[in-house]
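Asker: Let the hints inform the model, and build the full structure from the sequences given.
Letter by letter, the sequence shown follows residues 64 to 367 of the numbering used here.
Keep in mind that a hint or two might mislead.
To be verified - The list that follows gives simulated cross-link-like pairs (lysine-lysine, DSS-like), each with its CA atoms no further than 30 Å apart:
(1) Lys-120 to Lys-100
(2) Lys-311 to Lys-93
(3) Lys-85 to Lys-318
(4) Lys-332 to Lys-85
(5) Lys-69 to Lys-332
(6) Lys-93 to Lys-170
(7) Lys-170 to Lys-332
(8) Lys-100 to Lys-85
(9) Lys-85 to Lys-120
(10) Lys-100 to Lys-311
(11) Lys-332 to Lys-318
(12) Lys-318 to Lys-93
(13) Lys-120 to Lys-93
(14) Lys-309 to Lys-170
(15) Lys-332 to Lys-93
Because the hints were derived from the structure by calculation, they are not lab data. None of these values were measured; they are calculated from a predicted model.
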Amino acid sequence: MTETSKTHVILLSCGSFNPITKGHIHMFEKAREYLHKTGRFIVIGGIISPVHDSYGKPGLVSSRHRLTMCQLAVQLSDWIRVDPWESYQDTWQTTCSVLEHHRDLMKRVTGCILSNVNTPSTTPVIGQPQNGTSPIYQNTANKSVAIKLWGKMSESLGKICCVRPHMDRFTFVDENANLGTAMRYEEIELRILLLCGSDLLESFCIPGLWNESDMEVIVGDFGIVVVPRDGVDTERIMNHSSVLRKHKDNIIVVKDEIDHPMSVVSSTKSRLALQHGDGHVVDYLSQPVIDYILQSQLYINASG
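Answerer: So, in structure tokens, the structure goes:
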């Protein structure tokens with residue numbers, strides 16, 4: 064497949080990140096690696112969205128701290144960013160509403176059309192500009208600023224009009240991005256996929272935990288990428304939910320022949336290690352995150 068015929072993907076991960084671990088970052092990296100290996104996708108960005116303080120989980124520290132720790136964890140990444148929108152709302156937001164926010168944000172900022180995974184993509188968005196100019200994007204301080212609208216938007220379209228990325232990955236735009244001057248436009252398909260572990264997938268099977276209409280939107284309209292943990296049987300999980308079975312084609316399970324040690328790292332283990340002074344905490348958390356936790360005296364006397 065050519066670059067323009069591949070589906071361009073933004074991975075969105077929602078959660079407490081209490082604190083963010085090396086396992087969370089590993090999940091992004093493994094998902095991107097697997098999606099690229101399929102030959103059908105190009106991952107152009109990752110979003111970490113920490114949950115609102117009113118989520119009510121025991122031992123949940125302030126979003127101010129969790130956002131800072133997330134920023135420290137991804138400070139060297141050129142494709143993953145932290146988004147504070149969910150944390151800054153007046154109250155807790157559903158995963159469905161967070162996905163819809165980022166879909167709408169990408170429409171506003173880039174001028175792109177993002178539609179659900181089942182919408183036919185046969186209608187052309189726009190032809191090539193007549194000037195035939197060859198540069199694809201402007202570079203500003205070595206950062207690609209690559210997406211801009213050309214033509215009319217329509218909710219029924221399954222394709223979007225974007226400038227093709229120069230590389231397989233680039234730092235995608237956010238609300239404050241300088242879009243630069245786009246010179247050449249091509250049709251590419253863009254999707255926002257929910258990135259999660261198999262524990263979240265399993266939670267879909269718990270009666271009454273998820274609103275069924277939300278599940279339909281999350282799995283049916285957006286789609287999810289699952290990174291299994293602890294050798295969990297994702298096939299068995301999916302067969303226990305009518306919604307998951309119905310939209311099985313929209314669920315991408317990251318397959319890895321090797322059980323990586325990061326797959327068993329969790330925030331809970333990290334908090335316990337901090338409380339007990341366990342030196343293994345360096346295996347769970349990046350050093351900048353550990354330094355911040357110690358400086359701010361987080362989790363040390365916390366429970367849960």
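Asker: If a hint holds in the structure, say so; if it doesn't, say that too.
Answerer: How the hints compare with the structure:
A hinted pair counts as satisfied when its Cα atoms are at most 30 Å apart, and Lys-120 with Lys-100 does not qualify at roughly 37 Å. Restraint check for Lys-311 and Lys-93: satisfied, since their Cα atoms lie roughly 20 Å apart, inside the 30 Å limit. Restraint check for Lys-85 and Lys-318: satisfied, since their Cα atoms lie roughly 19 Å apart, inside the 30 Å limit. Under the criterion of a C-alpha separation no larger than 30 Å, the hint pairing Lys-332 with Lys-85 is consistent with the structure, at around 12 Å.
Using a Cα cut-off of 30 Å, the hinted pair Lys-69 and Lys-332 is violated, with the two alpha carbons roughly 38 Å apart. Between Lys-93 and Lys-170 the alpha-carbon distance is near 27 Å, which keeps this suggested pair within the 30 Å criterion. In summary, the hint linking Lys-170 to Lys-332 is not supported, as the alpha carbons are separated by about 39 Å, beyond the 30 Å threshold. Distance hint between Lys-100 and Lys-85 is fulfilled; the C-alpha atoms sit about 22 Å from each other, no more than 30 Å.
Distance restraint check for Lys-85 and Lys-120: the Cα-Cα separation of roughly 21 Å lies within the 30 Å cut-off, and the hinted pair is therefore satisfied. For the suggested pair Lys-100 and Lys-311, the alpha carbons sit about 20 Å apart, so the restraint of at most 30 Å is met. Taken as a hint, the Lys-332 and Lys-318 pair is honoured in the structure, with Cα atoms around 24 Å apart against an allowance of 30 Å. Among the hinted pairs, Lys-318 with Lys-93 is consistent with the structure: their alpha-carbon atoms are about 9 Å apart, no more than 30 Å.
Between Lys-120 and Lys-93 the alpha-carbon distance is near 27 Å, which keeps this suggested pair within the 30 Å criterion. Distance hint between Lys-309 and Lys-170 is fulfilled; the C-alpha atoms sit about 28 Å from each other, no more than 30 Å. Of the pairs offered as hints, the one joining Lys-332 and Lys-93 holds, with about 21 Å between alpha carbons and a cut-off of 30 Å not exceeded.
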